[in-house]
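Per the numbering used here, the sequence shown runs over residues 22 to 90.
No lab work stands behind these hints: they were computed from the structure.
Be a bit skeptical, because a hint or two may be false.
What the hints assert, rightly or not - No more than 30 Å apart at the CA atoms, straight line, and that leaves these computed lysine-lysine pairs for DSS-like:
| # | residue 1 | residue 2 |
| --- | --- | --- |
| 1 | K39 | K72 |
| 2 | K58 | K39 |
| 3 | K71 | K60 |
| 4 | K26 | K51 |
Said to hold, decoys possible - Okay, the calculated beta carbon distance ranges per label pair:
| # | residue 1 | residue 2 | range |
| --- | --- | --- | --- |
| 5 | T85 | D56 | 17 to 25 Å |
| 6 | L89 | K60 | 27 to 35 Å |
| 7 | K90 | D56 | 26 to 34 Å |
| 8 | N62 | K26 | 12 to 20 Å |
Virtual Cβ for every residue (Gly too), placed ideally from N, Cα, C.
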Amino acid sequence: MQTIKLKDDYIKLGQALKAAGLCESGVEAKFAVLDGKVKVNGAVELQRGKKLHDQDVVEYAGETIRILK
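Hey, can you work out the whole structure from these sequences and the hints?
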């Protein structure tokens, strides 16, 4: 499991996917989300701009990311 440390109150889903190295570009992140391949806290998320906060968990391509404050 990877972790992403928040610098602000939140990070957007697309940015988190790029920061974790799971997507190489914003466009790739956008299509991963729109195609229903990304889960946030166990539920499929279709909003690339979804704000992630402390303790949120993202799943994509067999990888898990935890957001920490």
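Contradicted hints - numbers only
6
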